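Could you put together the complete structure from these sequences and hints?
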Amino acid sequence: MSNYQMPRGTQDILPAMSSKWHKLEDLLRQFCYVYDYSEIRTPIFEHTEVFKRGNDSSDMVNKEMYTFMDNGGRSLTLRPEGTAGVARSFVENKLFGSADLPVKMYYMGPQFRYERPQKGRQRIFNQFGVEVIGAKNPLLDVEAISLGWSILSALGLSDLKVLLNTLGDDESRDAYRTALKEHFKKDISSMCSDCQRRYEQNPLRILDCKVDAEAEIMKTVPKIHDYLTPESKAYFDAVCAGLDALEIPYVIEDRLVRGLDYYTHTVFEVVSVNEQMGSQSTVLAGGRYDGLVEYFGGPQGMSGIGWAMGMERILIALEAEGIDMSDPEELDAYVLCLDESAALEAFKITTELRAAGYRSDMDYLNRSFKAQFKTVDRRKAKAAILIGETEVKNQSVTIKRIDDQTQVSVPMSDLIDTMDSMFAMEDEHEHTCTCGEGNCTCGNHE
RNA sequence: GCGAUUGUGGUGUAGCGGUUAACACAGCGGGUUGUGGUCCCGUCAUGCGUGGGUUCGAAUCCCAUCAGUCGCCCCA
77 MSNYQMPRGT QDILPAMSSK WHKLEDLLRQ FCYVYDYSEI RTPIFEHTEV FKRGNDSSDM
137 VNKEMYTFMD NGGRSLTLRP EGTAGVARSF VENKLFGSAD LPVKMYYMGP QFRYERPQKG
197 RQRIFNQFGV EVIGAKNPLL DVEAISLGWS ILSALGLSDL KVLLNTLGDD ESRDAYRTAL
257 KEHFKKDISS MCSDCQRRYE QNPLRILDCK VDAEAEIMKT VPKIHDYLTP ESKAYFDAVC
317 AGLDALEIPY VIEDRLVRGL DYYTHTVFEV VSVNEQMGSQ STVLAGGRYD GLVEYFGGPQ
377 GMSGIGWAMG MERILIALEA EGIDMSDPEE LDAYVLCLDE SAALEAFKIT TELRAAGYRS
437 DMDYLNRSFK AQFKTVDRRK AKAAILIGET EVKNQSVTIK RIDDQTQVSV PMSDLIDTMD
497 SMFAMEDEHE HTCTCGEGNC TCGNHE
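Numbered per the working numbering, the first sequence finishes at 522, counting up by one with no gaps.
One or more hints might be untrue.
Below, in silico cross-link-like pairs of lysine-lysine (DSS-like), each with a Cα-Cα straight-line distance of 30 Å or less [what the hints assert, rightly or not]:
1. K99 x K450
2. K237 x K212
3. K261 x K299
4. K128 x K257
5. K212 x K309
6. K458 x K469
7. K212 x K299
8. K458 x K424
9. K446 x K469
10. K424 x K476
Pairwise CB distance ranges, derived in the manner of DEER restraints [stated by the list, open to error]:
11. S229 x E416: 52 to 58 Å
12. T427 x E405: 17 to 23 Å
13. Q194 x E292: 27 to 33 Å
Hints in this document: simulated from the structure, not taken from any laboratory. Nothing here was measured: the structure is a model prediction, and the numbers come from that model. Yeah, the Cβ is synthetic: ideal placement off N, Cα and C, and Gly gets one too.
Here it is in structure tokens:
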């Protein structure tokens with residue numbers, strides 16, 4: 077029995093839950109369409125080297141990857157994040173030669189990380205992300221953030237905070253790293269063991285430390301902004317100006333460094349401040365990366381900007397803010413079979429209704445008439461179609477409207493026509509527009 | 001990887017060493033033999049995450065294990 081449990085940190089998305097996902101996915105695709113981002117689908121596993129790059133010091137690649145050997149002796153890894161695969165694909169498929177640079181892409185799908193599960197953190201989780209590769213323009217940084225912000229707003233989320241920072245270019249970062257090491261040099265032995273490790277591997281990450289956050293040495297820590305080259309500073313100022321112009325609220329967080337090593341210049345994070353989120357409150361995060369394309373063998377100067385959103389976390393945030401995205405799941409018609417001898421006839425009628433586009437179902441358990449009618453209620457069917465001995469004998473059907481209790485009997489051949497006139501395409505719009513009410517940007521509304 | 005805490009039917013809970021494993025909801029059947037949503041009656045866990053152990057006796061105690069949750073860490 078216990079062998080058949082799902083693996084730790086995984087989740088079944090059950091039929092009752094999937095409409096929430098569809099709603100979210102539809103909205104994401106709709107926004108990408110309007111912003112002119114196209115979907116890229118890369119493999120769920122890659123050669124391990126795609127993720128494990130020489131200089132990488134992050135926990136994610138060092139101890140959280142699902143790495144395995146395939147039968148051909150290749151070391152493969154289930155992707156822990158989306159950017160590396162997209163960058164690899166960008167190079168491998170020579171998208172840098174595209175007539176339309178930058179290439180604007182999005183992706184959606186599962187990511188795999190061997191971590192201790194908790195709320196908002198699973199071993200298989202889904203990310204939606206965007207990547208814009210092939211141009212370095214602060215307006216693109218702003219565009220990416222704006223896209224994320226618009227999506228979150230359209231979802232109705234409001235307990236959010238945008239955190240922004242810059243890491244500058246290599247020169248800025250080297251200077252800053254040196255300054256940090258100098259700053260911590262004499263006290264590092266008294267700091268937490270994690271920080272001592274970070275000191276060697278990636279001093280910037282010490283800024284993330286919560287253990288030593290209150291220590292005196294943290295309060296006087298040098299700021300990245302004092303080490304930026306003029307170009308880096310100008311770039312960051314331009315990003316801020318762009319966000320100001322779009323009236324996107326943000327706070328500059330000079331401790332924000334992000335976990336992945338490939339980031340340069342702009343880094344940002346959107347966190348939910350709703351207390352029901354738990355400790356995994358980052359809902360969307362990303363930044364600019366200058367060297368990744370070149371690392372994979374692409375041309376120099378192909379800078380990228382991107383972010384990823386944790387879809388489960390978005391769903392948690394929606395729940396926390398009391399926003400319900402699920403569909404009512406109403407049935408157009410439920411066919412009641414009043415006598416076993418009418419089962420085949422009822423089945424034919426159900427099929428006919430479906431062919432005409434009516435979402436229909438019938439009873440397959442030979443349940444009592446009463447139980448079948450209860451199903452009509454439970455499934456919120458607009459119509460109950462009754463088939464029994466009498467109907468079979470007369471080749472007729474009885475149609476009952478649930479809302480006003482009216483009921484008619486018509487020849488079987490008139491079923492669809494009668495349905496059409498009783499339920500005249502009053503809600504046609506619902507069927508064509510999947511973008512959700514309210515803040516829809518699909519342009520189909522008045 | 002570390003710490004804490006929880007695990008009883010489809011669901012939510014009670015029981016904390018001897019109960020026929022209790023209650024509610026949902027489901028199913030019936031009262032109303034072809035018209036539901038109310039009401040009434042009946043029915044629904046050889047079973048208490050899994051595996052061991054202690055005991056005359058374990059859902060209750062112990063150990064292990066698996067899983068959930070929360071915090072650390074990390075990150076979306």
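How the hints compare with the structure:
The straight-line distance between the Cα atoms of K99 and K450 is roughly 28 Å, inside the 30 Å bound, and the hint therefore holds. Under the criterion of a C-alpha separation no larger than 30 Å, the hint pairing K237 with K212 is consistent with the structure, at around 25 Å. Straight-line distance between C-alpha atoms of K261 and K299 comes to about 16 Å, which keeps the hinted pair within the 30 Å bound. This hinted pair checks out: K128 and K257 have alpha carbons roughly 25 Å apart, not beyond 30 Å.
Restraint check for K212 and K309: satisfied, since their Cα atoms lie roughly 15 Å apart, inside the 30 Å limit. At roughly 26 Å between alpha-carbon atoms, K458 and K469 fall within 30 Å of each other, so this suggested pair holds. For the given pair, K212 sits about 24 Å from K299 by alpha-carbon distance, which is consistent with the 30 Å threshold. Only pairs whose Cα atoms come within 30 Å are accepted, and K458 paired with K424 is accepted, the gap being roughly 19 Å.
Note on K446 and K469: the hinted pairing holds, with a Cα-Cα distance of about 22 Å set against a maximum of 30 Å. Distance hint between K424 and K476 is fulfilled; the C-alpha atoms sit about 18 Å from each other, no more than 30 Å. Distance hint for S229 and E416: a CB-CB separation of about 55 Å, consistent with the stated range 52 to 58 Å. The hint said 17 to 23 Å for the Cβ distance between T427 and E405, and at roughly 21 Å that hint holds.
A hinted range of 27 to 33 Å holds for the C-beta pair Q194 and E292, which are about 32 Å apart.
In this structure, none of the earlier numbered hints is contradicted; all agree with it.
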